[in-house]
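There are 2 protein chains.
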Amino acid sequence: MNNIIFLAKDEVETFLPEGRMSKIRFLLEPCVVINPEEIIDQEAWIRLLGENNPEIILSAWRMRALPKQVLDEAPNLKYVCYLTGTIRLVISRSLIENGLLVTNWGDSISRTISECALLLILGCVRKVGYWTQKMHVEGDWSDASTVTQSLFEKRIGIHGFGMIARKLVPLIRPFSDRISAFSPGVPQSLFDEFDVSRADSLEVLFSENDVVVELEALTEETFRIVSEKLLRSIPPSGVFVNVGRGSVVDEQALARVAKEGRIQIGLDVYEEEPLSKDSPLRGLDNVLLLPHIGGPTTDRRVDAGDRALANLRAYRSGGELKGIIDLEVYDRST
Amino acid sequence: MNNIIFLAKDEVETFLPEGRMSKIRFLLEPCVVINPEEIIDQEAWIRLLGENNPEIILSAWRMRALPKQVLDEAPNLKYVCYLTGTIRLVISRSLIENGLLVTNWGDSISRTISECALLLILGCVRKVGYWTQKMHVEGDWSDASTVTQSLFEKRIGIHGFGMIARKLVPLIRPFSDRISAFSPGVPQSLFDEFDVSRADSLEVLFSENDVVVELEALTEETFRIVSEKLLRSIPPSGVFVNVGRGSVVDEQALARVAKEGRIQIGLDVYEEEPLSKDSPLRGLDNVLLLPHIGGPTTDRRVDAGDRALANLRAYRSGGELKGIIDLEVYDRST
Numbered sequence: 001m002n003n004i005i006f007l008a009k010d011e012v013e014t015f016l017p018e019g020r021m022s023k024i025r026f027l028l029e030p031c032v033v034i035n036p037e038e039i040i041d042q043e044a045w046i047r048l049l050g051e052n053n054p055e056i057i058l059s060a061w062r063m064r065a066l067p068k069q070v071l072d073e074a075p076n077l078k079y080v081c082y083l084t085g086t087i088r089l090v091i092s093r094s095l096i097e098n099g100l101l102v103t104n105w106g107d108s109i110s111r112t113i114s115e116c117a118l119l120l121i122l123g124c125v126r127k128v129g130y131w132t133q134k135m136h137v138e139g140d141w142s143d144a145s146t147v148t149q150s151l152f153e154k155r156i157g158i159h160g161f162g163m164i165a166r167k168l169v170p171l172i173r174p175f176s177d178r179i180s181a182f183s184p185g186v187p188q189s190l191f192d193e194f195d196v197s198r199a200d201s202l203e204v205l206f207s208e209n210d211v212v213v214e215l216e217a218l219t220e221e222t223f224r225i226v227s228e229k230l231l232r233s234i235p236p237s238g239v240f241v242n243v244g245r246g247s248v249v250d251e252q253a254l255a256r257v258a259k260e261g262r263i264q265i266g267l268d269v270y271e272e273e274p275l276s277k278d279s280p281l282r283g284l285d286n287v288l289l290l291p292h293i294g295g296p297t298t299d300r301r302v303d304a305g306d307r308a309l310a311n312l313r314a315y316r317s318g319g320e321l322k323g324i325i326d327l328e329v330y331d332r333s334t
Numbered sequence: 001m002n003n004i005i006f007l008a009k010d011e012v013e014t015f016l017p018e019g020r021m022s023k024i025r026f027l028l029e030p031c032v033v034i035n036p037e038e039i040i041d042q043e044a045w046i047r048l049l050g051e052n053n054p055e056i057i058l059s060a061w062r063m064r065a066l067p068k069q070v071l072d073e074a075p076n077l078k079y080v081c082y083l084t085g086t087i088r089l090v091i092s093r094s095l096i097e098n099g100l101l102v103t104n105w106g107d108s109i110s111r112t113i114s115e116c117a118l119l120l121i122l123g124c125v126r127k128v129g130y131w132t133q134k135m136h137v138e139g140d141w142s143d144a145s146t147v148t149q150s151l152f153e154k155r156i157g158i159h160g161f162g163m164i165a166r167k168l169v170p171l172i173r174p175f176s177d178r179i180s181a182f183s184p185g186v187p188q189s190l191f192d193e194f195d196v197s198r199a200d201s202l203e204v205l206f207s208e209n210d211v212v213v214e215l216e217a218l219t220e221e222t223f224r225i226v227s228e229k230l231l232r233s234i235p236p237s238g239v240f241v242n243v244g245r246g247s248v249v250d251e252q253a254l255a256r257v258a259k260e261g262r263i264q265i266g267l268d269v270y271e272e273e274p275l276s277k278d279s280p281l282r283g284l285d286n287v288l289l290l291p292h293i294g295g296p297t298t299d300r301r302v303d304a305g306d307r308a309l310a311n312l313r314a315y316r317s318g319g320e321l322k323g324i325i326d327l328e329v330y331d332r333s334t
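Protein sequences appear in the order of chains Z and B. With the first letter of the first sequence counted as 1, position 108 gets the number 108 in the working numbering; the numbers rise by one all the way through. With the first letter of the second sequence counted as 1, position 144 gets the number 144 in the working numbering; the numbers rise by one all the way through.
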């Protein structure tokens, strides 16, 4: 029996730098370290699993899908420690049902996405797109008619109250106590814990806040739920930021609202990515655009590495693991 | 005897909205409200002062300079409640020496400038200038070689530790505990209060931080103290942000360093303002430029209005005033 570390060189370097890899190898002894590039097809992958019959697999973005019959090939397999996020493409629901333990980066990288949200909020409030155009392209300056805004004391509404929203609250709290969220499934106790008030409806969230942050999970129910009507209800000079899922928003409607210039918009996610070259969202100075770089940032992949290390230690010592993918989490994940 | 409220219509509307003006008029009874536009020259100003012989003058940006002999004309004058910042151009040092009480907006508006600093820091860390060019102008997207950074756990150094720096600390604290500052005149107790470590020298501040924020006051000693050598000592991929005084930095050196693209730069202030149309700082995608809009933002002028209202109440009731311009503050002010 050999545990399997299935990671590419760049994944080891960015997720497990500065001695983390040695520590993990030690925890996983006996183990083999396999570069995903060496496993050229699913057949080679199944052979690898069968030959090593691992108890633990550590992997990341370049993991190959586990065959449904993996427990026939590798009956010893108990735990997949996945360094990154999306596990639906590599692990089938039935394996979780059958008791396979799976963890991913959980909330260890959420704060970087929250940071991106704060950047887009502040950038919109201060009209960075407009000033970048004025200062860099037009060689211009402010004048007597310039009106500026601050985030301080603004009403901030969050659509969704998952891990990223909860990491966003401490970043925006120094600016305002007027924070509310709309997220039907979330218990009141969680709102209380974060001192965030509950918006009664999506309509209230959009129409009664100066800043609206989109962080709702994408489901059948939330697909394009942010309609033109909702976007138009944001007060004049208001801000709409999306760092969650592009398809929660009706992007064509968003582009129409954007074009009118009445509100400031900051986006890191889109219905289709990469954003098409001729998207009407491009070229508008009231819209800040980032190419889905919210998180994790390259320099904070170590946080996911540290989370995996802690989970492997907990697994070995019978402690509590974080970011376990149970059926509920699996079904909610995207 | 009449107290004088010497404010333009737009100053009343933005500094004293929503009943604040009525409250102040009540506190200043008997008083006259004079629009600065009606006082066309210094002679009319002196006549106004003489005719009303005020105990209190409330004014702002459009105040005319008090004549040195103002106490001959208006011997009753005890208190100038100045809504805005720079008082050196309107009140001579000798009047302060002679016991004239003067307050200004003090630290009531500092937080908006700190907010602008955080925006520029986050914008530099995430390369917003670069991505704005890529996304809006080139119609492009990120690729496999894209390396991104976060502010979390970064070493942040602040040059200066005055009011704006002290308001910045709670905004950056959620991102990092590795905050240091260099400010020779500031007592250790203040560093301890804000849990900020002391950099031993300007050289250490620049060379041993990932993010350097310029907030030092402009004096003869600090004029262009941020040299090319210091700027070049910022680690690769580091950040330099200036929201303090343009002339603390050697701007020609800054432009040379900027052009090389090794660090990200965010600026709200310049040696000469407006920034000249052909400044070499314009057009570089590793430089974020704002046209000195740090603060106070238009929407937070009310904070200065509230400060003035509180000071006038304190003056009337024998309480403690905030933001008093004594000789020490006067000599340090710009």
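Hints may contain errors.
The list treats identical chains as one, so a pair stands whether inside a single copy or across any two.
What the hints assert, rightly or not - Dumping the calculated DSSO-like pairs for lysine-lysine here, alpha-carbon to alpha-carbon at most 30 angstroms:
#, residue 1, residue 2
1, LYS154, LYS23
2, LYS167, LYS277
3, LYS9, LYS229
4, LYS23, LYS277
5, LYS277, LYS154
6, LYS259, LYS134
7, LYS277, LYS134
8, LYS277, LYS259
9, LYS154, LYS9
Everything labelled a hint here was simulated from the structure, so no lab data went into it. Here the structure is a predicted model, which means the values were calculated and not measured.
Hints versus structure:
| no. | hint | verdict |
| --- | --- | --- |
| 1 | LYS154 to LYS23 | between (46 angstroms within a copy, 24 angstroms between copies) |
| 2 | LYS167 to LYS277 | neither (32 angstroms within a copy, 41 angstroms between copies) |
| 3 | LYS9 to LYS229 | neither (48 angstroms within a copy, 37 angstroms between copies) |
| 4 | LYS23 to LYS277 | neither (45 angstroms within a copy, 56 angstroms between copies) |
| 5 | LYS277 to LYS154 | neither (34 angstroms within a copy, 34 angstroms between copies) |
| 6 | LYS259 to LYS134 | both (18 angstroms within a copy, 19 angstroms between copies) |
| 7 | LYS277 to LYS134 | both (23 angstroms within a copy, 11 angstroms between copies) |
| 8 | LYS277 to LYS259 | both (17 angstroms within a copy, 28 angstroms between copies) |
| 9 | LYS154 to LYS9 | between (46 angstroms within a copy, 25 angstroms between copies) |
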